[in-house]
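Visitor: Residues per chain, in single letters:
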Amino acid sequence: GGIITQTPKFLIGQEGQKLTLKCQQNFNHDTMYWYRQDSGKGLRLIYYSITENDLQKGDLSEGYDASREKKSSFSLTVTSAQKNEMAVFLCASSIDRDEQYFGPGTRLTVL
Amino acid sequence: GDQVEQSPSALSLHEGTDSALRCNFTTTMRSVQWFRQNSRGSLISLFYLASGTKENGRLKSAFDSKERRYSTLHIRDAQLEDSGTYFCAAPNTGNYKYVFGAGTRLKVIA
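Chains as they are written, first to last, in the numbering used here: chain A, 7 to 117; chain B, 25 to 134.
What the hints contain is simulated information worked out from the structure, not anything from laboratory work.
Don't take each hint at face value.
Stretch by stretch, here's where chain A covers chain B in the computed footprint (C-beta under 8 angstroms, at least three residues) [stated by the list, open to error]:
hint, stretch
1, 50-63
2, 102-115
3, 119-127
Facing chain B, according to a computed beta carbon distance under 10 angstroms, are these residues of chain A, among others [claimed, not checked]:
hint, residue
4, F33
5, T37
6, Y41
7, Q43
8, I56
9, D102
10, G109
11, R113
Ideal Cβ placement from N, Cα and C applies to all residues, glycine included.
Given the sequences, and given the hints that come with them, work out the whole structure.
Guide: Below you can see the structure in the form of structure tokens.
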């Protein structure tokens, strides 16, 4: 078995701040994803990566950057945090386009 | 783009009863995955199907192998711990994007 870890678990930022979220997986999966989930809503894809150093935009990429430094890690940067923003950011990984495995999430609050 | 419709959007069940959640796709999908999201926000994978049916305890899922546009999740003998939000998801045709339904919020009551 494997595991996906996300750090930090909780992130509090200030308006305009640049914030970075990290995700690590030890499944040895090629594909990794970042999703955003607003309260009471479904998941929206921000970025995904099909291999090391690859980046593909999702439906919600504006305002975010991503980095796939190595196969096991995928980082997401909020380039300028928006005031009163609250969301959960979920990282996932999969082999090719098969079953996805999710991390526990990072909860973002912007003051 | 590809769309996913989940029904019902919300559901209340008494303990011990059975029910079915549904997921309709606007186009043919190669596979479907069902998740439950608990109160802490963790997404737990329940089933991944490329075709046919799978069963795990009181849960059973089916993916229509012919049309490949319809999937169900059956809950038998509902228990309080089944409460949560259930999502279905499928990989978009031609790329690696997954499309997610809006979810079914299930509450099981004693």
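Visitor: Hint by hint, note whether the structure agrees.
Guide: A quick look at each hint next to the structure:
1. 50-63: Our answer is that it holds, as 4 residues pass the Cβ test (under 8 angstroms) against chain A, meeting three.
2. 102-115: Three-residue rule met by the stretch 102-115 of chain B, so holds; n is 3.
3. 119-127: holds (count 8)
4. F33: At 12 angstroms from the nearest chain B Cβ, A:F33 fails the 10 angstroms test, so the hint is violated.
5. T37: Holds. Min distance 6 angstroms.
6. Y41: 8 angstroms, holds
7. Q43: Constraint on A:Q43 satisfied, holds at 8 angstroms.
8. I56: Holds, because the Cβ-Cβ distance from A:I56 to chain B comes to roughly 6 angstroms (cut-off 10 angstroms).
9. D102: 8 angstroms, holds
10. G109: Cβ of A:G109 sits 9 angstroms from chain B, so the hint holds.
11. R113: Holds, about 7 angstroms.
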